[in-house]
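Peer 1: The listed protein sequences derive, respectively, from chains A and B.
Here the numbering used here is used: position 110 in the first sequence is 110, and no number is missing along the way.
Here the numbering used here is used: position 304 in the second sequence is 304, and no number is missing along the way.
Keep in mind that the hints are not guaranteed to be accurate.
[Stated by the list, open to error] What follows is a set of in silico ranges between Cβ atoms, one per label pair, in the way DEER data are often shown: (1) Glu67(A) x Ala33(B): 52 to 60 Å; (2) Thr295(B) x Ser210(A): 19 to 27 Å; (3) Ser210(A) x Gly180(B): 50 to 58 Å.
If you're looking for bench data, these hints aren't it; they were derived computationally from the structure.
Quick caveat, the model's predicted, so the values are computed rather than measured.
From the three backbone atoms N, C-alpha and C, an ideal C-beta is built for every residue, glycine too.
Number of protein chains: 2
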Amino acid sequence: MPRDIPAYSLRSENRQVLLAKRPEGVPQASDFALATSAVPKPGAGEFLLRNIYLSVDPAQRGWASAEANYSAPVPLGGPMRALTIGVVVESQHADYKPGDFLYGWFGWQDYVVATEKQVIHRATQDIPLAGFLALIGIAGTTAYLALTELGRPKPGDTLLVSTAAGSVGSLVGQIGKSLGCRTIGLTGSDDKVERCRARFGYDVAINYKSADLDAEIAKVAPNGVNVFFDNTGGSILDTALRRLAVGARVVQCGTASIGSWNPPPTGPRNEREILTRRLVWSGFIIFDYMAQYATAADELARLFNAGKVTYELDVSDDIATAPGAIAALYAGENNGKKIIYIG
Amino acid sequence: MPRDIPAYSLRSENRQVLLAKRPEGVPQASDFALATSAVPKPGAGEFLLRNIYLSVDPAQRGWASAEANYSAPVPLGGPMRALTIGVVVESQHADYKPGDFLYGWFGWQDYVVATEKQVIHRATQDIPLAGFLALIGIAGTTAYLALTELGRPKPGDTLLVSTAAGSVGSLVGQIGKSLGCRTIGLTGSDDKVERCRARFGYDVAINYKSADLDAEIAKVAPNGVNVFFDNTGGSILDTALRRLAVGARVVQCGTASIGSWNPPPTGPRNEREILTRRLVWSGFIIFDYMAQYATAADELARLFNAGKVTYELDVSDDIATAPGAIAALYAGENNGKKIIYIG
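Start from the sequences and build out the full structure, keeping to the hints where you can.
Peer 2: Below, the structure is given as structure tokens:
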């Protein structure tokens, strides 16, 4: 059962954040509109859920985009697709009862009439309610499953993580450390370097904006990097690839440094690095791994309650901040997992 | 025991092809020199081997290069590093007896005094002697092990192979077919397209020089490619990546289309393809897999004798053609595995 559950009221209206325009590149505040409507009623097999925390995720950029991607674009005029944690308040589905806390596809809105298909995870673990977005949400389960399934770290391995202070990266570093890795984090400010060391236990943290990144990685990983967990792509990736050990694994979990893929930007060719270093470079999307979600959630809760991993929250308490929240995330303005409390 | 063993004489001098200059890019005839010296004598623990067939391999370009690579550069003035098949004629090593046929690192020369370290494979399988270069050499074992270990083809998969008529690619197609794949070969001439279909059993073969490659792959693999076995890199790779199915495996086995990596050429960024298609892109070098060599050799011999795989030879019978042979290989002038008979 979740703990630290904040107050929430049963509002008489449903506030929604609608996708008003198809964004070019990173979604901006002007691409969204706030609207208010009546609280909907669940039909047979449905339930009414009251959202409590809304998640802000880098992947929302892709969901809002019309470009070919790994999920269908959010319809224009509809509520923005988002992960949230909320509570069932009315139900016509036997498996979902008022008072059940659920994590899933409930969108940027106070209320949603939902079906079972929108549920990702029943929030039963004994962790704070916000932890179901920050730790056991798709970011945390991505960190855990991408690192363990694709990165395959061994004790003594050197693990390099880009966006090391971010919602995924901060957990990757801690999970890697708990598995016996030496951890090196890359991040974009001296403040975040300090948080990587002090809060997320990185052995080394580097501000890639001010450092000579190639020289710095060479210095701190003289025998090469065994696992590179990459959330950025671009020039950070190009540099890191050339500092990998033979047989290293590269986990491609995001490409946050690239503003637009249409047309695709160019960069140095990397196929020779793959060949001569015998890399294994894999792409990870959590939705391929839903069968392992519950196991990952239990393990993350265990690591959290054992003091092995922690998370930071960047909480707004105003739904009106949602429209600009994705752009703020891409600008690196958050300190910890970005969520919006809408109690 | 090998069959189809050609005549060989015990010459009184040792002809050698020496690396005279450090090549820039693809080694040219002018980078080598022919020389003649006395036949050497084996010391304790050594044996004298008479080469019969010399192999010409794309990898020799890397071995001759001073660029950072996965093997130490061939010393200037020394015999060119090469794989060969030969016969022991004199021995001071208990495990190697006159009449033993050995495949290994015996260089472009008539005779070599060798140690056990230079032996890759004892040629015991019942296949033609030249087959120990063309089928059970590093090209064939690369084809078998890279495809099965990294490509992981499943029956019904669509397998795309670049340099499909080459020494590796022609075997990859046939092995893939024997494992139940639909095979698509890319090659550089209409003549080779015909050989891919008639000799190597490709379901589809495409001349990438004259076709609209992207449109052609889209047409023949409407559900995407599941395994891409790439020997070329460059623009063929960029096109193929964008026609892969979700979860496809990319085996990087060579980068033959790229003339020089210093400085690295640029191309479209591919990390977004890795992520959204959830690719697994791996580099393969046979020398990591020596423990599996004998098993692969047995399986290749079995497939050959069962009529499931065949090979073609491009045989010169003049050691004086060796200096220009690597350049000819990169120019695509060979029809089948390029070897030199020096009986």
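Peer 1: Against this structure, judge whether each hint is valid.
Peer 2: Quick rundown of the hints versus the structure:
1. A C-beta distance of roughly 56 Å is found between Glu67(A) and Ala33(B), which places it inside the suggested range of 52 to 60 Å.
2. Range check, Thr295(B) to Ser210(A): Cβ separation about 52 Å, and the 19 to 27 Å hint is violated.
3. Separated by about 54 Å at the C-beta atoms, Ser210(A) and Gly180(B) satisfy the suggested range of 50 to 58 Å.
The earlier numbered hint that this structure contradicts is number 2, and it is the only one.
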